[in-house]
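Work out the full structure: start from the sequences and follow the hints.
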Amino acid sequence: MTTFLRVLRGEWTKFWTVRSTVLCLLAAVVVSVLLELLGASAGSTSANEEPRYTDQAYFVHKPLAGDGSIVARVVSQQNSNEWAKAGLLVKAGVTPGAPYAAVMVTPGHGVRMQSMFGTDLAGGTQTAPRWLKLTRTGGTITGYDSADGRDWRQVGTVSVPLPRDAEVGLFVGSAPSYQTTRTGGGVALTTELTVGRAVFDSVTVTGTPTAQPAREWAHGSISTAFGKVPAGIAGAGGLSQSGGTFTVTGSGDIAGYGIESWRSPGDDDVVMLSLFGVRLGMIAVIALGVLVMTAEYRTGLIRTTFTAGPRRGQVLAAKAAVLAGTVFVTGLVTAVGAFLIAQPGLHSGGYNPPAYPHVSLTDGATVRAIVGTALFLAVLALFSLGIAVLRRRTVGAIVFVIAVIVLPQIVVPVISPQADVWISRLTPIAGLAIQQTVENGQVIGPWAGMGVLCAYAAAALGLARWQLGRRDA
Amino acid sequence: MEANRIEVHELRKRYGTTVAVDGLTFTVQPGQVTGFVGPNGAGKSTTMRVILGLDAPDGGNALVGGHRYRDLGTPLREVGALLDAGAVHPGRKARDHLLWMAQYNGLSARRVDEVLEQVGLAEAARRRAGGFSLGMLQRLGIAGALLGDPPVLLFDEPVNGLDPEGIVWIRGLLRSLAAEGRAVLVSSHLMGELEGSADHLVVIGRGRLIADTTVRELLTAASADRVLLRTSDRTGAMTVLVNAGGTVAATDHDRVTVSGLTPEHIIKLLNQHDLPFSEVAAHRASLEEAYMDLTRDAVEFAAHARPREA
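As given, the protein sequences belong to chains A and B, one line each in that order.
So for the first sequence, my numbering puts the first residue at 1; every next one is plus one.
So for the second sequence, my numbering puts the first residue at 1; every next one is plus one.
Hints are supplied without guarantee of correctness; some may be wrong.
Unchecked claim - Just the calculated beta-carbon pair ranges, DEER-fashion: (1) HIS67/B - LEU361/A: 50 to 58 Å; (2) GLY41/B - ARG465/A: 31 to 39 Å; (3) LEU407/A - ARG110/B: 47 to 55 Å.
Derived from the structure by calculation, the hints contain no laboratory data.
Keep in mind that this is a model prediction, so the values were computed, not measured.
For glycine and all other residues, C-beta sits at the position ideal for the given N, C-alpha and C.
Here you go:
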C-alpha cells in the first residue's frame, strides 16, 4: 500500500509538470464552455408561443339552464390509449377553449375529475363499466362515481366560471400516442393519432333545458387541432344511438398544463442542452487520456518509469487514479460553468415556464447530470488510457477512441434511425445518457448508459494491465 | 550471496526469430568497474534490460543482490541505471523529472538537488529537458541512476555524446563509485572507452560470452603470444617461421607478426638460417587489439559453430 502511495505521488508530479497535460485540461474546459455559450444563445424554442392547452373530443350534448345534473353508465371503454377519456362533460359551449368540468374513466389512470385545462383530481383506480354523475350548483361542479348507480362516491369538486346556459353530455377522447426517442444524436418525435370508443347507457339529465320544447341530443367534435396534434383529425368520431345506448367514438384530448395527460410541447431536455458543449470538450479529454501514456512510449520514458516502479499494475493504477481524479474535478468545474453560462441564453431563447420550467443547479436530476458529466469525462479518460497502453502510439490511439465514440453517431443515423438507437445503447457514448433529466423517450437510462461506458473502460484497462505485464517495456 | 552483485545465469532472450542473448552467464562484483563489451547488436542492452526487469527472459535469470528486479520494493535504492539518456519527457524540467523518480522510491526532494549538484546540472535544474544537449541528457540520466545512492549501478554507453571534459568526468565518477564498494557495470561497443576505467571485462558477441576476465589478464594473454619482427628478408623469415610451427602475418613490407613462437626461439631460428632482422619484440597489445582478437575469434567461432547447431 505504501509503495502504491509513493507511485501515486510520483504520477501526480509527472502529471502536473508537463504543460501539454495542463493545456489539455484547460482546453477541455474552455472548448466546452465556449461551445455552450454559442449553442445556448443560438438555441430557441417556440414551445411557449403555442397554445397551452388542447381541446379535442367528441361531445354528445344537451343544453342545461342553471343548476342540474347528468348521470350515465360507461358500459365499456376501448383501451385506445392509457389516457383515453370517456365520461360526462359540462361546458360553457362547444367552442374550443370554453370553460368546462368533467368526470371520466380512463383505461390506465382510473377515475378522474378535471376542469379548466389545469385541474386534475384523481378518483379511484376503477375502469369501465362505471357509473358517473356530474352535478352543477352555480359555479360549483361536483363529480361522483359508483359501481351500481346507487352508492355514490365523490371524486372531486371544482369551481368553473360557467354562464347560466351550458351544455352537458357525454364525451369521448383519446390522446395521441407520442413516441420520443432520445439518442446521442438528438430528440426524435413521432405522433400517432388514436381513436377512443366507449358505450354509454342509462343517461339521465335533470334540470331545466334552455329551450322549449326539450332539444334532442346534439353531437359533434370539439376541435382545436393545434399544438403538437396535427390538424385534420377534427371530425374524427361519431355517435351511434340505439334506444338508450350511446356508442361514441372520438379522438384528441381535453387537457393543459397541470393535467397529466397533457404532454408539454417542450420536448427538449434543458439540462442536457446546458451540457452540450462537453461533446466537443471531451476530445481534449480523450487526447489527455492518451497522451499521459503515449508520451512515455514515444520518448522511452516508459522504461525509466518501470525501472523506478517495476510493479506495472501499480503504475497503471496510479496513472489511472491521477487521470480520473483530475479529469473529474475539471469536468465538474466545466459542467457547472457550462450550466450556469447556458441558462440566460436558454431563457432568452424561449426556454421558459410553463413549457420549460427553469432548472436549478440543486435539482436532483440536474445534480446527477452535472456530476454525471464529470464522471463521464473521467471514465472516458480511463478508456482512452487503456487504449493508449494497447496501441502505444498517440495518433493511432486518439483516432481509435474518437472513431469509436464520435463516428458511429455521425455515420449510423444516416443508415437507419433504428441503428442510431442501438449506437446510443451499445457504444461508449451511451455514458452521455447520464445527462438526461427528462424520462420520456430515453433509449437507455442514465445509470445504465454510464454502466455501458464503465464496462468499456474496465475492459480496456483490464486488457491494458494484462498487456503491460507480459510485454517487454 | 552478497547484497551488491549482479548475477546473470544462463540468460536467454529472443525477439521473434532473432536470438539476442544466448545462454549468458557472468557476475558483476562489488568494488570494481566491470566493462561490458561487444560489438553493436551483441546483446548488451538486452542483457541490461533483462537485469532491470524491463524485458522478460526466455530462459535463465538475472538477479540483483539475490532478487529479481521486479520484486524490489524501492528499486532505485538498490540499483541505479542509465539506459537511454533521451528517455525523458522534453516538456518536463530536469528537477521535476528526478522528483517523480524520487517520489516513486520514497526519496526526498533534497536528494534530487544533491544529485543535480553532483552531475553538474544544478544550474539547469529548472530548464525543460527538451532543450538539453546530449551531454546534458547523459548527466541527467546519470543523476537519475545516482538518486537512490544504490550499491549497484548499470550504465549503457554512458560516454556517448559527452565532450572530452565529460568523458574525463565520467571515468573519474565510475572509478570513485567502484572505490566506494559499489558494483558498477558499464557497457560499450568500443573497448578503448573502457581503457583506464574498467577493472574487469565481460566480452560478448552474438549474445554469447567470449571472455570474462580481468583487464590485466586479457592484456597479458593478448600480448604474450605475439612477437613483432622487423626484417629486410620478409619472405625468407616467414617461410622459416611457418616451418617451425609459428603463425605469421605480414603487417608491412618489413614487418611480421608472429604468434606461437617465443622471441628467443625466433631469434634462434633466424640466426640458424642466416636471416637479417633489425628488431624482435614481444608485443604489448592495447585493450582495443585484444578485443579485436577476441571478437574476430567469436565471429569465426560463430560461423563454424552455427551450422553444426542447426
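**List of violated hint numbers, smallest to largest** = Nothing - there is no hint that the structure violates, so all of them hold.
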